[in-house]
Amino acid sequence: MDQFTINLLFVGASFALYIGIAIWARAGSTSEFYAAGRGVHPVTNGMATAADWMSAASFISMAGLIAFTGYDNSTFLMGWTGGYVLLALLLAPYLRKFGKFTVSEFIGDRFYSPTARLVAVICLIVASVTYVIGQMTGVGVAFGRFLEVSNETGLFIGAGVVFAYAVFGGMKGVTYTQVAQYCVLIMAYTIPAIFISLQLTGNPIPALGLFGDHVASGEPLLAKLDQIVRELGFNEYTAHHADTLNMVLFTLSLMIGTAGLPHVIMRFFTVPKVSDARWSAGWTLIFIALLYLTAPAVGAMARLNITEQFWPNGTSGEAVSVETIENDEAYKWMGTWQKTGLLGWEDKNGDGKIQYYNDANAEMQEKAAANGWEGNELTNFNRDILVLANPEIANLPGWVIGLVAAGGLAAALSTAAGLLLAISSAVSHDLLKGQLTPNMSEKNELLSARISMAVAIAVATYLGLNPPGFAAQTVALAFGLAAASIFPALMMGIFSKTINNKGAVAGMLVGLVVTLVYIFLHKGWLFIPDTNSFTDADPLLGTIKSTSFGAVGALLNFITAYFVSKATAPVPQEIQDLVESVRIPKGAGAAVEGH
Amino acid sequence: MSENSDNNSYWSANIRLIQICLVIWALVSFGFGILLRPMLSGIAVGGTDLGFWFAQQGSILVFLALIFFYAWRMNKLDAEHGVEE
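For the record, the sequence lines run as chains Z and C. Positions 1 to 595 (our numbering) are the ones given, in order, by the first sequence. Positions 1 to 85 (our numbering) are the ones given, in order, by the second sequence.
Treat the hints with care, as some may be off.
[Claimed, not checked] Straight-line Cα separation of at most 27 Å, BS3-like style, residue types lysine-lysine; simulated pairs: (1) K76/C x K348/Z; (2) K586/Z x K566/Z; (3) K76/C x K586/Z; (4) K100/Z x K273/Z; (5) K76/C x K353/Z; (6) K76/C x K367/Z.
[What the hints assert, rightly or not] So, partial list: chain C residues that the calculated Cβ filter (under 7 Å) puts toward chain Z: (7) F69; (8) N75; (9) L77; (10) E85.
[Stated by the list, open to error] Ranges between beta-carbon positions, derived for each pair: (11) K586/Z x I20/C: 17 to 25 Å; (12) G42/C x G218/Z: 35 to 43 Å; (13) L540/Z x I43/C: 17 to 25 Å; (14) L77/C x G398/Z: 47 to 55 Å; (15) I43/C x I451/Z: 51 to 59 Å; (16) N380/Z x S12/C: 55 to 63 Å; (17) I43/C x W24/Z: 16 to 24 Å; (18) A79/C x Q573/Z: 27 to 35 Å; (19) I43/C x G587/Z: 31 to 39 Å.
Hints are computed from structural coordinates only; laboratory data are not their basis. Values in this document were obtained by computation on a predicted structure and should not be read as measured data. Note that the Cβ used here is the ideal one computed from N, Cα and C, for glycine as well.
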């Protein structure tokens, strides 16, 4: 059986499973559509939230970004897990006690203002749509590879599948499907990592193998990797090269953003009790940590394998020949990935060999001149392909490759579906029913929910054709937006009794607009290529990249809200009482539908 | 009135707990993982140093411990102050 058939079998079987579950648990009422009737156990909820959370960015993209940068990209690991501490301590239990369906309902009620609710809805939609663009990038890579078509064709096919799948059910269908998706994606991520860890270090646990010894050389794995990449003129893997301020702000943006993303927060509305909301955040992080502790090992080990494939005789020996790349079984992955347009090489100096090195490094330029090299000949290695290509690079059996294809799609689909659900509930429940047409029937609400999903996915697909970055980088922008707009409003709503309606609205607007403008200045207006005035290599403000600006936006949000609240009318007594009641778990009933 | 003052002491106990947890949260990630890494560079861990380990794995393990510790403490605190569900 050839690899294409194996991939098709694995992906087909996993899809049949998800669709089967979605049909079995199809949502009947609006309550089931949004919050699964609140009958979800914390462990089940944790697993589903983990699947919802770990998207194409975590699964497909992150290890690739770590592999090619090393220590400096640890920010993704800390940022995307540390947010759960904020969520568990600062938001989840109180929002569960408040007991409505959506984040914007809380903001509308706490800040006693339909305008606040409207602004929150807009913030949610902007952040979620940006997030879906990142997912579509990942979906394009995964479908492109496994159907062996171009990245663009893969993107269009993927968009169709995501749409069909998300429209099917609401939260209830999605919750149980996501449990299945979690199981598929965690197996798909860890099994190849275990194989590779055994090959390189003899340790079956990749997270420990990362700090173990490299079997072939007897040296510690990371020391060996540092040495090899240094010899090719790249930055040492474990050393700190990035700007420290930018690293801190980027990590903080991801953390705050995690606690401000609607599709994650929504999950904590679906547990039965306030105490369960606290546990649920912990369970979610356990399931996430299984992947996140493995990811740095995947990155480092893949970098070592790739480098050794290009320099089979060591970095001072001969580079791999074009003939070997074209004919040797071990290099077959290069041919298949070349078809997607995401991998490229070129024998620039015509010596029949492919030299992979850092041609921006002065020392390497000298060495290149002495050896007759004319630049790095691995001309394109899209970071988003690393995880999917990893089992092929390590020569693992065909079924492992099929499993990884299924896992990558599970990660992208589960998050895209969760986000589309959050977008559709924001539009139909908060915007239309909550503001514009309060008397809308339940049937029309469900219909408008589905239409808004279709619109969101069309926009994301269009922008996904020219994404503002690799999947994880686009997703990081979405986190920045959520960090700057939603998180501060939620936190102040719970921990302060003095922030009033005007303060919250002004804070959210300032946070959102300033962050969005900063991102557009660097990434292009509406992410349209070539409309940017600055680049992240040389940002507008010092060393602060657009991906790290969310933390600054959040700070501006807090400051604005504080001063505007001081200058305007104090918070009414009944709202202060509401804040008091949110702080105390006692008396949390089942959540009710808001209007 | 007595219920109110009990609620207040419940809330300030909660805030204290949150503060302690967030100090640890920041120390292991921004501290050991990034800013204080040079100070920890003397402690070798598998071919690199302790700061690298905190940045890539250690902080995640501490985050997990923090959340479960907080949930356990708060559920106890709820019962002590009679505000559990």
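Hint-by-hint comparison with the structure:
For the hint pairing K76/C with K348/Z, the CA-to-CA distance comes to about 68 Å; that exceeds 27 Å, so the pair is violated. A hinted pair counts as satisfied when its Cα atoms are at most 27 Å apart, and K586/Z with K566/Z does not qualify at roughly 31 Å. Distance check on the hinted pair: K76/C and K586/Z sit about 13 Å apart at the alpha-carbon level, within 27 Å; holds. Proposed proximity of K100/Z and K273/Z is supported: the alpha carbons are some 13 Å apart, at most 27 Å.
For a cut-off of 27 Å, the pair hint linking K76/C to K353/Z is broken: about 67 Å separates their Cα positions. Of the supplied pair hints, the one linking K76/C and K367/Z is violated, its CA atoms being roughly 66 Å apart against a limit of 27 Å. At its closest, the beta carbon of F69/C sits 9 Å from a beta carbon of chain Z; the interface hint therefore is violated under the 7 Å criterion. Contact between N75/C and chain Z, as hinted, is supported at the beta carbon level, the nearest pair being about 5 Å apart and thus within 7 Å.
The interface hint given for L77/C is broken, as the beta carbon of that residue sits about 10 Å from the closest beta carbon of chain Z, more than 7 Å. Of the supplied interface hints, the one on E85/C holds, with its beta-carbon coming within about 5 Å of a beta-carbon of chain Z, less than 7 Å. With their beta carbons about 24 Å apart, K586/Z and I20/C fall inside the hinted range of 17 to 25 Å. Checked against the hint of 35 to 43 Å, the C-beta distance between G42/C and G218/Z comes to roughly 24 Å, which is inconsistent with it.
A hinted range of 17 to 25 Å for the beta carbons of L540/Z and I43/C is inconsistent with their spacing of about 39 Å. For the pair L77/C and G398/Z, the beta carbons lie near 54 Å from each other, so the given range of 47 to 55 Å is met. The given range of 51 to 59 Å is respected by I43/C and I451/Z, whose C-beta atoms sit roughly 57 Å from each other. Checking the proposed 55 to 63 Å range against N380/Z and S12/C shows it holds: the Cβ atoms sit about 57 Å from each other.
Range check, I43/C to W24/Z: Cβ separation about 53 Å, and the 16 to 24 Å hint is violated. Separation of A79/C from Q573/Z is about 30 Å and conforms to the stated range, judged on CB atoms against 27 to 35 Å. Evaluation of the 31 to 39 Å hint for I43/C and G587/Z yields a failure: the beta carbon distance comes to about 49 Å.
Violated hints, listed in ascending order, are 1, 2, 5, 6, 7, 9, 12, 13, 17 and 19; each of the other numbered hints is respected by the structure.
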